[in-house]
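Engineer: One letter stands for each residue in the lines below.
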Amino acid sequence: MDTLDPTDMPDVTDRAKDGVDQDTVDAVAKLSGKYKYGWNTDIEMDYAPKGVNEDIVRLISERNGEPEWMTDWRMQAFARWKELESPDWAMLDVPGIEFQEQYYYARPKSMAVKPKSLDEVDPKLLETYKKLGIPLKEQMILAGVEGAGEAVQDADTAMQGDGERRVAVDAVFDSVSVGTTFKAELAKAGVIFCSISEAIREHPELVKKYLGSVVPQSDNFFATLNSAVFSDGSFVYVPPGVRCPMELSTYFRINAENTGQFERTLIIADKGSYVSYLEGCTAPQRDEAQLHAAVVEIVALEDAEVKYSTVQNWYPGDENGKGGIYNFVTKRADCRGDRSKVMWTQVETGSAITWKYPSCILRGDESQGEFYSIAIANNMQQADTGTKMVHLGKNTRSRIVSKGISAGRAQNTYRGLVSMHPKAKDSRNYTQCDSLLIGDQCGAHTVPYIEVKNNSSRVEHEATTSKVDDDQMFYCQQRGLGEEEAVALIVNGFCKDVLQALPMEFAMEAQSLVAISLEGSVG
Amino acid sequence: MVLPVRKTRKTDVKAEATEARLAPLTLPEGGSWSQGARKSALERLREMQLPGARDEYWRFTKPGPLLEPQVSALPLEEQDPVFDGVEAARIVFTDGRFDAEASDTDALEGVEIERLATAAGADIHWVRDLYGVLEAKDQARVERPFAALNTAFAADGVVIRVTGRAPRPVHLVYRREAEAADVMLHHIVKVEEGAEMTLLETGTGAARINTVLEVDVAKGATFHHVRSQGREHDRLVNTHVYARVAEEGVFKTFTCALNGRLTRNEVMVDMAGDDAVAHIASACLGDGKGFHDDDTVFVTHGAERGESRQVIKKVLRNAATGVFQGKILVQPGAQKTDGYQISQSLLLDEDAQFLAKPELEIYADDVQCSHGSTSGAIDEEGLFYLRSRGVPHDRAVELLVLAFVAEALDEIDDSDLASRLRDRLDGWLSRRR
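Read top to bottom, the protein sequences are chains P and R.
Residue numbering for the first sequence follows UniProt numbering, starting at 1 and increasing by one per position.
Residue numbering for the second sequence follows UniProt numbering, starting at 1 and increasing by one per position.
Derived from the structure by calculation, the hints contain no laboratory data.
It is possible that some hints are incorrect.
Quick list of the computed label-pair ranges, beta carbon to beta carbon [what the hints assert, rightly or not]:
| # | chain 1 | residue 1 | chain 2 | residue 2 | range |
| --- | --- | --- | --- | --- | --- |
| 1 | R | GLU350 | P | LYS131 | 55 to 63 Å |
| 2 | R | ASP416 | P | SER86 | 52 to 60 Å |
| 3 | R | ARG141 | P | ASP287 | 31 to 39 Å |
| 4 | R | ARG141 | P | GLU44 | 49 to 57 Å |
| 5 | R | PRO69 | P | SER86 | 32 to 40 Å |
| 6 | R | VAL13 | P | LYS124 | 50 to 58 Å |
| 7 | R | GLU47 | P | SER213 | 40 to 48 Å |
| 8 | P | LYS209 | R | GLU350 | 31 to 39 Å |
| 9 | R | HIS233 | P | GLY241 | 56 to 64 Å |
| 10 | R | LYS62 | P | ASP55 | 41 to 49 Å |
| 11 | R | ASP366 | P | THR71 | 52 to 60 Å |
Cross-link-like lysine-lysine pairs, in silico, DSSO-like; alpha carbons within 27 Å at most [unchecked claim]:
| # | chain 1 | residue 1 | chain 2 | residue 2 |
| --- | --- | --- | --- | --- |
| 12 | P | LYS388 | R | LYS7 |
| 13 | R | LYS289 | P | LYS423 |
| 14 | R | LYS289 | P | LYS425 |
| 15 | P | LYS394 | P | LYS209 |
C-beta atoms are modelled at their ideal positions from N, C-alpha and C, and glycine is treated no differently.
In isolation and in its complexed conformation, chain R is listed as follows:
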C-alpha cells in the first residue's frame, strides 16, 4: 500500500492570485509541439493554483513576493562572476534574452547547443520529449505551480544535447541591464549514454527570476551542475532543477547562495535506473534582515541500489532565515537504496533562524536511509583554540564558518571550481566584517 498524495487545498483567493499573476503574461509564439506543451502547462497551473501561505510546502517560505504580478526595481550592482576565469563555453542571457554578442560561438565537441526560442519555433524537435515532461510528471508527487508557470511562459533558455565527453563546461551567465526585469528561463539538457558534461550558472539575471532546468541523464552518463547565485540584497529567485537519472547515471548539483531577499531552490531527482547516483549540496551564507534562503529537495528512488546524498549547510546572521525541506522517497521495490541527508545550520547571532523538515518516506525494507539535522551557535572551544594561537576573533569566526561549509564544497568533484567558490566565500566574509 502506498499512501495517496495530498493535493493542496483550492481556494477562491488562490484562484484570484493565480489569475492576477497570469494577467500581464502572454504565451510565447512557437511551433505546434511547444504550443501544446505550454497550453497544457497553463492548464496544470490553473488546476493546482499558485501557492498560498498556508500550503504545506510553503509553510516556512511565504510565496507572496513570487505572486506579485509586477516586480519592483532592483538597483544595478557591479557583478564579479565567480567562474569568469574558468575556461568554458559561455552563453549569456541579459535580462532574460539570449545575448549573441557576449556569448561564445565556438563549437564544443560532443555538445550541441541551441536556443529554446529556436527549438520551440520548429514544428518537430527532439526536445518535445523532455520540455515540461519531467516537471509535469513530478507534479503528481508535490505540486510546484511556479515550475508549471515557467513551462508555460519561459520564452528562452538553452537546449543542450551531449553525445560525448564535453572538453569544457558550458557556462550560463545571467546579466542585468534593466532594473525591474521579471524573467523566466527554461533549460533542457540531455546527456546521452556514457556522455559527460558540466554546467555552470552564475549571476542574478533579473530583479525576479524563475528558472527550470530539466536534465535527462542516460545510462552511464554523468552530469555536474555548479551554480553561484547573484548577491543583490533584494533579488527574488525561484529555481527548479529536475533530473531523471538512468542506470549507472551520475547527477551532481551544487548551489552557492550568498545573499538575496528570497531564494527558493528546488531540486527534484528521479532515480529511475538501477545503480544511479545523485548528490545534492548547497552552501548558503545569509546576512541581513529579510534574507531568506530555502532549499527544497525531493529525491525519489524508483530502482535498485541507488545512492543519494544531500548535504546542506547554512550560515546565518543578522535576522537571516534559512530553510531546508528535504525528502527521500523510496518506492516499493527500490531495494538496496542508500539514502543520506544532512542539514546543518550555524547561527552566528541571536536573531537568525533555521527551519527544517527533513523527511523520509520509505516503502522498501532492504534499505539504509538516514538523515541528520543540527542547529547551533559557533563552537566556543574551536574559537578559543584559534584565539589562543593568536588568530584575531573575527578571522577565527571566518575560519570556523569556512570549515563548517567545507563539507558541502567537498561535494564538488572539480577542485578548481571548489576552491574558487571557497575563495569567494572567504572574501565575502571578510568584506562584511
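For reference, chain P alone in the conformation it holds in the complex:
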C-alpha cells in the first residue's frame, strides 16, 4: 500500500524508474524525521472491559458472531495461555507487560451498525484513511459503505487502464475489520478475500480445516494469547490453478489507547495458485507502550506460490524509548505441497520492540522458502528478528538474506534456524546476514542456529558486521551530499538485495522509510 501522501509526491511512479537512490534522498529532504503517522483519530469507541479472562474471550467471540466450535477453540487456547510464561530467550530487554491493564477489544461506535451510504459514515474514519494516504475511491469502501464497491471498481478500471496494478485492501482499525475492497471482482476469479471474522461465519469448512494447522493454538506464549483473543484479521483463499488478479493487502491501524491489537491472518493457496500479499501498519504516538501480537498462517499446496511482504511502521517510541508498540508476531508458512514456494519479505522500521520470525516449513518435496529482511533500529528500539527454515522434504531449497542496521542506542539481532532433517535429502540453504552499525552506542548481533542431519544437503552461512565505510562517506560528501543524505544513500545500497525483492508498491515506501528511520542518527 502506498502510504506516501500522493499530494506530496505527485510523480512517484515516474521517479521510481529513474533510480532508487535519488528518491531516498528526496524523501529525506521532504519529511523531517518525525514519525509521520503519530496522530490519532478522536473517535467514539466501544471497549470491552480492561484485562483478559474467560468472559472477555467469550465476549470477543460473541461480538464476531462466531459459532460454538470457534468459541471452544479460543477457550482451549486461553486455558493453555494461563499456564505459559512469557519467553525471555530473545536479546531484548522487555519491560514487564501488564496483560490485565490492556483493552482486548475496541471498536469504533459507528461500526456497530454498518453504514449504508457515504453520508452515514463517521467522517472521522474517513479522515483517518485520507490521512493515511489511502485514495478516496477506496476510502468509500474502507469505511464500510455497502454497495460502493462495484461503482468504485468500475471507475477504477476505467481510470487506471490496463497497465496499472490494483491492490485490494482489508483495513483493520483497532479490533475490527472496517472493510475489504474489490471483493466482488476477486470473487469472479474465485478468490475469497475477506475479514477472518466473516470467513468464520461464511466459510467455516475452510477455516476449520486450516486455522491452527500451521501455528497451533499453543505454539508459543504470544500465539496462544492471540488464539484466545484475536478480534479480526484477513482471510484469503485462492482456488486451484488461479493466479490472483491483483495484489492483496491488509492495513492495520492501532488508534485506541491502552489497547492491544491481536489480528489473525490465514492465507490458503490451493494447488497451482499464486498470490502476492502486502501488509502495512501504523499507530499513533503515545507515551504508553502498546501490545501487538499477531499470527499469520500460510498454507501452500502443490505448486502454489505465495509472496508475503510487510512494511512494518508501528510507532517506535520517542528517542528516549518512551512509548511505542511492542510487536510480538508469529508468522509461519507451511509449504505443504510438492514444489510449493513461499517468499517472505519484510522491512522492519517501526516498533519499540520487534520479536518476529517469519518461517517456512518445507514439507513438500522440492518446495522453496525465501526470506528477505531489512531491520532498522534507531534511538532506543530493539529488534530480535529472523527466520526458521525447516527442511523436511527432499530437494528443498531455502535462501535467507538479512540486512540489519543499528543506530542511536538501539539493539538489533538476527536470530535464525536452518534445520535439515534426515529425510530432506539433497536440500540446499544459503544464508547471508549483514549488519551495519551507525554510531558507537548501538549493538548488532547475529544468532544463527544450524542443524544438519543428513549429508547430501548443503548449508552455507555467512555473516558480516561493519560500519558505514569512511571512504564511501568521504566520496559522497565530497560530491556535495550532506552527511545524512550520504548515509541514506549508502544504507540503501546496503539493503538493495532486499529492496529489489519487494513489490513495486512497497519498494518505494520502503526506500523512503529506510532513510527516515535513520534520521538524526549521524552528526
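Given chain P's structure and the hints, the job is docking chain R onto it.
Structural biologist: Just chain R now, kept in the frame of chain P:
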C-alpha cells in the same frame, strides 16, 4: 545500552542433580587461600546449579553423562601419545595423580613448575590471584557450572610461571591405570611480560575427565597450546580453557579430537589489552555411533585493535555428531576489532550430524567481524579428479579429508607439531578404512 545476561532457569530437578553429583565428593585439604577459593566456587555452583538438557548452552550436547555421580568402567587401551618424540619437559598424571617417577625433573630455564597440590597447601601463594578467578569472572557472561565444580574439587594440576622464553614445551601427559577413574585437574599458567611458552597435552587420563586451564598472558607475552585428546571410544571429556590476554599478548590454542563418546571443549578468551591476538582452532574426526564432539568458544573483545580467529573443522561419519557454539562479543569501546570465525563440517555418510550456532554480539561500530559456516558431503569433483589420476577411492577420500582439516592445522605455528598431528590423522583414517 548493553543487554542483560540471561541466567539459566533454576529448577528443583537441577538442584537435586547437583546435590547428587556433589554427594560422593569432598573438598580437598589445603591452605587458607585455596580453602576460600574452593568454598566460594562451591557456592557459585550451588547457586547456578549443574546444567539441564533444556539449558541454552546445552541444547546440542546433553549433559547427562557428565552429571552421573559415578562413572562406568572404561577398558584400558594401549596409548601411543602423538607428541612422545617431541623434546619437552614431561609432567605425567596417572589417574589424575601427579606421577613423579614418570615425570621429568630437570629444571627448565625461565619456567617455574609446581604441583597445584603443593601450591594449594601453602597459606600464601601468588596463584591465589588466578586460581578460579578467570573462571568466576566468566560465569557472569555464560554459566559454566562444570568449571566451578572443577575449581572446588580438583585436587591436583600444575602451576606454571614463565618469566623468559621457554627453551622446550611443557608436556602434560594423562595416563590411565584404573578403569573407572573420575578425574578433575586444574592448571594455572602465568606468562609474564614478554615471556613465551608452549604447552602440550596428550592422553585420555580417565574414564571421565574434567579439566580447567587458566592462562594469564601478560603484556607482549606469547602462549601456545596444542593438545590431542585420547581416543578411547567411550571416554567422557569436559575441558575449559580460560585465557586473559593483555596488551600485545598472543594466545593460540589447537585441539585435535579423534574419538570419544562425549567431548565438550570450552575455550573462553578475554581480550583485555589493546592489540591482543587470539587464535582458536580445532580438528575433529568423529567415527561411530554415539560419538559426540562439541567445541564451545567465547571470545570477548574488551580493548581496541584486537584480532581473533576461530577455525573449526569437523569430519563426521557413522552417526557421529559434531557441535560448534562459537561467539564473538565486542564490548562498547573495543574499536578496530577484527574478529573472524569459520566452522565447517564434512559429513561422510548419511547419518552424520552437524549442529552449529556461530554467534556475534557487537556493541562497537568500527569493527570488522565475520563468520561463516558450511556443511556438506565430500566434493564429488575433487574425488573424480583424484580417481581419474589413479588414486584408489578410499585413499582419495582420505586425501580430501586431510585437505579439509589442513586449514585448522595451519593455525599451529610449530610445523613439527603440525606434521605429527597430520600424520596421526592420516594413520587413523587409513586404519579405519
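Engineer: Would you mind marking each hint as holding or not holding in the structure?
Structural biologist: Here's how the hints hold up against the structure:
1. R:GLU350 with P:LYS131: 55 to 63 Å: 59 Å, holds
2. R:ASP416 with P:SER86: 52 to 60 Å: Since the Cβ atoms of R:ASP416 and P:SER86 sit about 56 Å apart, the hinted range of 52 to 60 Å holds.
3. R:ARG141 with P:ASP287: 31 to 39 Å: For R:ARG141 and P:ASP287 the Cβ distance comes to about 35 Å; the hint holds.
4. R:ARG141 with P:GLU44: 49 to 57 Å: 53 Å, holds
5. R:PRO69 with P:SER86: 32 to 40 Å: 35 Å, holds
6. R:VAL13 with P:LYS124: 50 to 58 Å: The hinted range 50 to 58 Å holds for R:VAL13 and P:LYS124, with Cβ atoms some 57 Å apart.
7. R:GLU47 with P:SER213: 40 to 48 Å: 44 Å, holds
8. P:LYS209 with R:GLU350: 31 to 39 Å: Distance hint for P:LYS209, R:GLU350 holds at roughly 36 Å.
9. R:HIS233 with P:GLY241: 56 to 64 Å: 57 Å, holds
10. R:LYS62 with P:ASP55: 41 to 49 Å: Check passed, 44 Å falls within 41 to 49 Å.
11. R:ASP366 with P:THR71: 52 to 60 Å: Between R:ASP366 and P:THR71, where Cβ atoms are some 57 Å apart, the hint holds.
12. P:LYS388 with R:LYS7: 25 Å, holds
13. R:LYS289 with P:LYS423: 19 Å, holds
14. R:LYS289 with P:LYS425: This hinted pair holds, its Cα atoms lying about 20 Å apart.
15. P:LYS394 with P:LYS209: The given pair, whose Cα atoms are some 26 Å apart, holds under the 27 Å limit.
The structure agrees with every numbered hint stated previously.
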